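FYI, the working numbering numbers position 203 of the sequence shown as 298, with every residue one higher than the one before it.
Keep in mind the hints are simulated off the structure, nothing from the lab. Errors might be hidden in some of the hints.
DSS-like mimics (lysine-lysine), calculated; alpha carbons at most 27 Å apart, straight line [to be verified]:
(1) Lys498 x Lys520
(2) Lys416 x Lys130
(3) Lys256 x Lys397
(4) Lys358 x Lys343
(5) Lys416 x Lys270
(6) Lys520 x Lys396
(7) Lys397 x Lys358
(8) Lys396 x Lys343
(9) Lys457 x Lys440
(10) Lys453 x Lys133
(11) Lys494 x Lys440
(12) Lys230 x Lys256
(13) Lys256 x Lys396
(14) Lys494 x Lys416
(15) Lys440 x Lys358
(16) Lys453 x Lys406
As the structure is a computational prediction, the values presented were derived from the model and not from experiment.
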Amino acid sequence: MRICVLGTGYVGLVAGACFSDSGNHVICVDLDAGKIEKLQAGEIPIYEPGLDELVSRNNKAQRLKFTNDIAGSIGKSQVVFIAVGTPTTESGALDLTYVLSAAKMIRENLKGNAVVVLKSTVPVGTADKVREVLKGVSYQVEVVSNPEFLKEGTAVNDFMKPERVVVGCQSEWAKQIMADLYAPYVRSGNPIFFMDNRSAELAKYAANAFLATKISFINEIANLCERVGGNIQEVRKVLVTDSRIGSKFLYPGCGYGGSCFPKDVQGLIYLGKEYGLGLDMFRSVHSVNERQKLVLLEKMKKHFGNNLAGKTVGIWGLAFKPETDDMREAPAVRLIQELLKSGCKVKAYDPVAFHEAKKYFKDQIELVEQAYSVLPGADTLAILTEWNEFRTPDFEAIKRELKSPVIFDGRNLYNRVSLQNQGFKYYCIGQVDPA
């Protein structure tokens, strides 16, 4: 099948590479000439395990191409994916400027029948708006909603082996094309759910809002544990062994981040407002998470007598989760901003987010290339991302290099009793702070 993908961000690049790997001929288009030049040279702008190899293999096989030739790319395609950015406005609404602009480009350059697929996460009703833009086109055109459910860090595997594929469409013709397109990825019986566009658009928001709710829920219970003298690890055992609840996304910590959960929860709140619904639960999910991002700051203030000025904080982990360099809405960003306001010096390390951190903080913090390089001269160590390399560190070296043996663990990686026996003051989430 001939496919055009408009947008070479995270979603567009992963989709384009994966579709080409099953034999489709894919052209990825972007208006950013610099980005296209880098992609043509084999430079991948994001860190995603397995993606660089996938792009390289299909590029060499001439199944995957990158260009800024919009007219030529759209005109040749049977399926055109819109995978452009949808930035959030101050009100919480999503800005559809790029989506509608892409639709106009399709209208102006289409040279045959085509299915236009909305891959970007968009508000309910966006497919209808794109249909309005495409009205009057002399070819058969169907607008399909096909939200992505990829997890950063495992996106390639998620695409190749999806738990489910969601397709919103109005015609049997479009349904058949989408079924054929996804056939290689659902051979083991993974379901494709066909439905109306609005249900498909809302399904993506509902899924992410539910996962975000689970995270804020466990964090609220963790905070309560600290107050009443309980242990969240023990409480969690009871929860996760209940088959009605399950274990996924029930890990206490310093909050969620990334490009999806914060944005989608806010988008759902805004959608409810448009339709006269308060959606108070999701407002609470958001506010709990924003507060949770600063839970370690409050613990630091408590430990250091409410005076952080002049202190040096070593940080392990800057990305919002392991296996990605994405720092959008990351708890580390918020915490570091507040530490700097409090007069702290920050030394930080992340296995892959070094260059992203430079964009965020420039020279405001000291970025190092080895984990243990944050320790010399630091008053404490804070863990903000649960990278595997942080799970079994050399505690003797940490104790030797820090000014004082104090650890603030935002991901509950370590055993509190073991660290206390080694002479550490260990602050974590959902357990009573050391005296």
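Here is how each hint holds up against the structure:
no.	hint	result
1	Lys498 x Lys520	12 Å, holds
2	Lys416 x Lys130	25 Å, holds
3	Lys256 x Lys397	47 Å, violated
4	Lys358 x Lys343	21 Å, holds
5	Lys416 x Lys270	35 Å, violated
6	Lys520 x Lys396	14 Å, holds
7	Lys397 x Lys358	32 Å, violated
8	Lys396 x Lys343	32 Å, violated
9	Lys457 x Lys440	14 Å, holds
10	Lys453 x Lys133	20 Å, holds
11	Lys494 x Lys440	19 Å, holds
12	Lys230 x Lys256	35 Å, violated
13	Lys256 x Lys396	46 Å, violated
14	Lys494 x Lys416	26 Å, holds
15	Lys440 x Lys358	30 Å, violated
16	Lys453 x Lys406	21 Å, holds
Of the numbered hints stated above, those contradicted by the structure are hints 3, 5, 7, 8, 12, 13 and 15, listed in ascending order.
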